[in-house]
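Make a model of the complete structure from these sequences and hints.
There are 4 protein chains.
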Amino acid sequence: MIPRYSRPEMVAVWDAQTRFRIWFEIEAYACDALAEIGVIPKEAAAAIWKKAGGAKFDVARIDEIEKVTKHDVIAFLTHLGEFIGPESRFVHQGMTSSDVLDTCLSVQLKRAADILIADVDALLAALRRRAFEHKFTPTIGRSHGIHAEPMTFGLKLAQAYAEFLRAKERLIHARKEIATCAISGAVGTFANIDPRVEIYVAEKLGLAVEPASTQIIPRDRHAMFFATLAVVASSLERLAIEIRHLQRTEVLEVEEFFSEGQKGSSAMPHKRNPVLTENVTGLSRLIRGMALPAMENVALWHERDISHSSVERMIGPDATITLDFALARMTGVIDRLLIYPANMQKNLDRLGGLIHSQRVLLALTQKGISREESYAYVQRNAMPVWRGEGDFLTLLKADPDVSKALSDAELEQLFDLGYHLKNVDVIFARVFGEG
Amino acid sequence: MIPRYSRPEMVAVWDAQTRFRIWFEIEAYACDALAEIGVIPKEAAAAIWKKAGGAKFDVARIDEIEKVTKHDVIAFLTHLGEFIGPESRFVHQGMTSSDVLDTCLSVQLKRAADILIADVDALLAALRRRAFEHKFTPTIGRSHGIHAEPMTFGLKLAQAYAEFLRAKERLIHARKEIATCAISGAVGTFANIDPRVEIYVAEKLGLAVEPASTQIIPRDRHAMFFATLAVVASSLERLAIEIRHLQRTEVLEVEEFFSEGQKGSSAMPHKRNPVLTENVTGLSRLIRGMALPAMENVALWHERDISHSSVERMIGPDATITLDFALARMTGVIDRLLIYPANMQKNLDRLGGLIHSQRVLLALTQKGISREESYAYVQRNAMPVWRGEGDFLTLLKADPDVSKALSDAELEQLFDLGYHLKNVDVIFARVFGEG
Amino acid sequence: MIPRYSRPEMVAVWDAQTRFRIWFEIEAYACDALAEIGVIPKEAAAAIWKKAGGAKFDVARIDEIEKVTKHDVIAFLTHLGEFIGPESRFVHQGMTSSDVLDTCLSVQLKRAADILIADVDALLAALRRRAFEHKFTPTIGRSHGIHAEPMTFGLKLAQAYAEFLRAKERLIHARKEIATCAISGAVGTFANIDPRVEIYVAEKLGLAVEPASTQIIPRDRHAMFFATLAVVASSLERLAIEIRHLQRTEVLEVEEFFSEGQKGSSAMPHKRNPVLTENVTGLSRLIRGMALPAMENVALWHERDISHSSVERMIGPDATITLDFALARMTGVIDRLLIYPANMQKNLDRLGGLIHSQRVLLALTQKGISREESYAYVQRNAMPVWRGEGDFLTLLKADPDVSKALSDAELEQLFDLGYHLKNVDVIFARVFGEG
Amino acid sequence: MIPRYSRPEMVAVWDAQTRFRIWFEIEAYACDALAEIGVIPKEAAAAIWKKAGGAKFDVARIDEIEKVTKHDVIAFLTHLGEFIGPESRFVHQGMTSSDVLDTCLSVQLKRAADILIADVDALLAALRRRAFEHKFTPTIGRSHGIHAEPMTFGLKLAQAYAEFLRAKERLIHARKEIATCAISGAVGTFANIDPRVEIYVAEKLGLAVEPASTQIIPRDRHAMFFATLAVVASSLERLAIEIRHLQRTEVLEVEEFFSEGQKGSSAMPHKRNPVLTENVTGLSRLIRGMALPAMENVALWHERDISHSSVERMIGPDATITLDFALARMTGVIDRLLIYPANMQKNLDRLGGLIHSQRVLLALTQKGISREESYAYVQRNAMPVWRGEGDFLTLLKADPDVSKALSDAELEQLFDLGYHLKNVDVIFARVFGEG
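Chains as they are written, first to last, in our numbering: chain A, 233 to 667; chain B, 233 to 667; chain C, 233 to 667; chain D, 233 to 667.
Any given hint could turn out to be false.
The list makes no distinction among identical chains, and a pair is therefore deemed to hold if it is satisfied within one copy or across any two copies.
Result set (DSBU-like, lysine-lysine): computed pairs, CA atoms no more than 35 Å apart in a straight line [stated by the list, open to error]: (1) 299 to 599; (2) 283 to 636; (3) 367 to 654; (4) 629 to 299.
Since the hints were derived computationally from the structure, they do not count as laboratory data.
Set out below in structure tokens:
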């Protein structure tokens, strides 16, 4: 976790206080359930809430105990006993550490997912606003980095909107994947604890019951969670790279907002660099790399080993904190993006009309010329334009084969920009559910 | 694609004939739609089906044409024209290559997903059958590779069943992710083709309409698809490793079926090795590695570049063929797995009763002894047993602190195996929806 | 392995004939050594070479035998016996399959490395030739995609040359990593075979002796090999992306060679796309993804398990064939790259002189103005130019703070392009060892 | 960076004070060089060392400045100016931020490599000591987790020793890869700074000169560095998994040292779990995952973008700190490993002599029986033993085909354990350079 790339709300999900509070709630709810079914006295369960329900656990003290016991849950329970006194012997009865650790991790990942989903909502709102703002701002569409045909800048953002709608759906699935509770004992048999305890605690914490745990919640769930984060990060990278491309000096169709006092370069004062989206690009790589250890965690030995623990101590916070930061940063970029329609028009005009080549090709075939011949006619007039030798429309008019098929007026009509924008409404309706 | 690790049904999804047939269908359905809305003559659309609907396309011929044109779709269209004649000029009107390529890939990945889902169903059936067969076969549960508490072999398989139920759900989601159709032209604007064509073709092919394509179907969909395969592979690896562990010489609780004529080792004739599950372990690594390039494919430049193509030519077939093979292999392993309950019992007895230590601990605390003291009593009697110096029950009976709290009869009752199996029914009901 | 992305020489390294020939040589050389030390008759060793030394092994026949034995080496030995007759009982004495398989893989990977090193040499030659050709062709250097300061196109290629010199060194190391021989028996103890056999075979095959094998050659060697390929692929990706950037419509400083008859787009006849470098980009992703399973292969169980085998059957050929193809493709791209100095100059002029801002900054500080003030002077004149409002030199001359420090003549001198090229010779001397 | 998995010496390499000190040295040495060649006054260079050479930079103050400038190097230079006063205008002349940042990263990674190499040396020493201690301790070698043939525990450790000798070599190479210095200006042309400055600073910092930088040091170097760490981590994982296997209840040939006061399980007091090696397994996964973003960092755009920065801020510390910790932890494990020769012997005896099957096979072929027949004789006697039905030697003696070829005395000799250990000296001499 790098403070520079962290936001407090997500950091708080992972701090020690939060973790110990969740551990406490799991233990205390379990005691409630145990009292309910008559395993421990109701007064004991009540006393636990009363004596420790408002406690601020002493993280340093717990660390100190752990140095002796080399076991974090035992250290916590020892510290908890210092608040509760004799009733502490009723705590953790029939449970195993993983019941606490894994259910706590579920709560934390679920909270993290909630924040990430809210982040995506904010990004969606920004994308939508800017998409409608530039619904009909013409810009060149590019394939292979080469000018293809006109589109609008709003369409670019609508496409991103649709992609992040999918990201949101995926995060909702991912949240469901990891929102389960296991309180099933040393090898998941409920030998020492009644299954009703698990059901009770799950409900209190807003989790589903894990149908079959093996001391631990199976790690295919977590693998799916982190793999999903990696895919969402890849979508962020795509949007970041789009903006970086559009900000290059030769293109300059958009720019990240540049605040007063900001210095682009210590050496070159004129520079305005897309540093935020470059940063998002790098953060995406990091999140992607974290999906791998999560997948390697699935094949734990038998009913569990502990090799997943160090992995999750790192990627649990790091992947969620980094993705939260990257999403929020991207929302800021989109919200304040400087958009230059005049430059877009300039770029549209750059190729001397070549971007209309497909329409000409199509018109020729519609006049009954074979596809192969049409292609040849178009290409032989396109190549000089490409080399900067002439204007496409002029050359076409002068080509005897072309002019035999298409009149000058017909040709001119084929160079109309509006032709390309006629279905923008259709696409917007699909993406946003409205025009 | 390695023939050794391939099955014909999945291989067929990816062969050239299948691909060209799907390309043909996309083009022919598009012509139907174009005819319907009056863009091309209805007779032309009908002629296309009539002249080429039953055609066996000549793969070598298409390759030859491609060598000149350096463009696979143009090569195909040229060859198609050889069947259709003059009406071929109505084919592909207003479309771009990616309309064909991407929609075809969707069809192929969807078919692949169907096969994979059927594979998981077969594995689930095998797991279920063997789980019920060994629902009450006692075996030791292990954490950290160390004996923990008793469970049943059926529970192990029930856990795997639950995991592959999740795998199935994930594959269903993954199929939905990639089952979309795009026929939207060079930059996704429908400039040269009516959006109704896309809707028509999508419906005919059983696909959803891609709400906003950019010449191509966005690659976050494919990334999610391959990431899901990687997670499913990781679950396979887990089951494979479980079996490999249980087959080790010192454990020998199960064995892969060993056919007559099979040689385990060229040098050591006595060997019976878990080679199938080791193979599945390796195949899982391969599939996992393929998720990465799929994720890196997301950030294509602008409305598309072609860098994803080589990646998908390889991982499209390789990931699906390999996972299909690995799933089927694992189903065979489970179906015919040799299971040795007697050896399970022998292993259960190995630790001189130590596996009941938690019950003793719990019983002590229930007698009012603090958790810390109880733990100390149990541990000091457990350690000699661990060193092979005595039997746990005998030592406990002889410990004055323990015997003050628990009578011999009470202690003996704590060593009852049945105690651990009392909730097997509950777990089976959760997992299989029945007892 | 995709035929489209394969070259015959590397494919041949991996075909079945090659493999069986290497297997034969390992067995036959081992017999020579066994005969030398008196374990088997010298006539037997001689007979093996005589009867099978020129044999063309029947791959289909071996596959057929393997279907029964389920063991590839036994199948081969059985087939070999059909050539050799009774002396075949002397073959493979005291050896284990992995002695053959692993040593064969070493030979194959070593040959593959040789081809890759030659590929890099060819790429280096192309880079060098083009670098000297454009040693002094001015072009703009860019950071963040934004114009920074002038450099030369030759410098770009020199940088790539230096990077691929490193790639070559890495491949030489990687070759050394895997070029070892193990003939040490079932668990590496030489129980049934004299260590002198290993030494003899290693020398004959041009391999080093594996100091401590465990039936198999340890897989950290192979992990390092494939990780190195992944790093080399990443360098290829970098060069590919550089070219793709420079070919974009708005930049157009270079273009991949475009042959007669080639069609850039089925729909847009004017397009000339950087498809070769886009392809190399995708191939690099594939190779990178293969490093992971190679690393996961390291932790085989005890003296070996067989999980690495399926991984290596796939990535052994795939990674080397793909990298060979990608390197050769890139060499072709560099060799025939169309380079447009006039467009480079046009781009250099695009920013109205802003690219000289650092020199002005430096000159101001050298006149005794503080760095902070100098930065402010430069920035306030740069911003209007950035917005297209004026020429940088003119504005600077009109700025009273600037003109107090620097005369018009001094300012003009700061805009001299030659200033930036004065150390090109130094860098070329470092990289190429000459001017 | 997780404090739990960190050691102070490596953490110190990455703390802000260290970084700012290195930045200072780069700037101050550069001033020395500039003074030497007459670009700035010698007194200025001397004053910089005098006024700030002993400075403790105020990290919080620098952070505060950075909040305004949004540029870390400018923030540092501003703070440095507070120490130095007017001479600060001579600092950083003609340099660009990356000159400082990248050269600093080289120094940090080089120091990190030094620590890692020392870590491996410590691990090697532990492996060597324990290897010689158990040079002739017989143990069973296993392939596929199945008993194969006898070897010694010392050989296992010797193999690990050989593997970590390779790890050391790789780290030495990796250190060389990243130990370069670049002070070459905005696009690497030395336009504003004399190349002699770079040479001078490189020498002072113990670095090589980067032959061709592009504002930055090329990232293929860093990719190779982190990929190497990933391979070393994979070797650690292998050793960790070996120990975990040997500690399983049914095998119990070794155990991690278990300190007084340690609690293996909160619920099961008898447990002694291999938690340290499980932890190392997880840490290895983390390090492996970090190689990927490092490789994706290679293809920065043109002369640089800043997307690598966030990646390196995280993996620079995380990968080196984690590997340092894992290596040290493993050294502790090996140093204090509890080794149980009696259990090894018990396991050796477990298979009723089957582990000698290969010797019998070999002896039969040496008596002139064909390999296929010999294999069949051995296998038909091995299978009952495998099923627990009898002793291998007894059965062989009773087999008429076998006893026709081998006398009872000959058969008994084939069951001699010493036979397998006769080449231990040879292997130790290869690995350790002595007997």
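Tell me, which hint numbers fail for this structure? none
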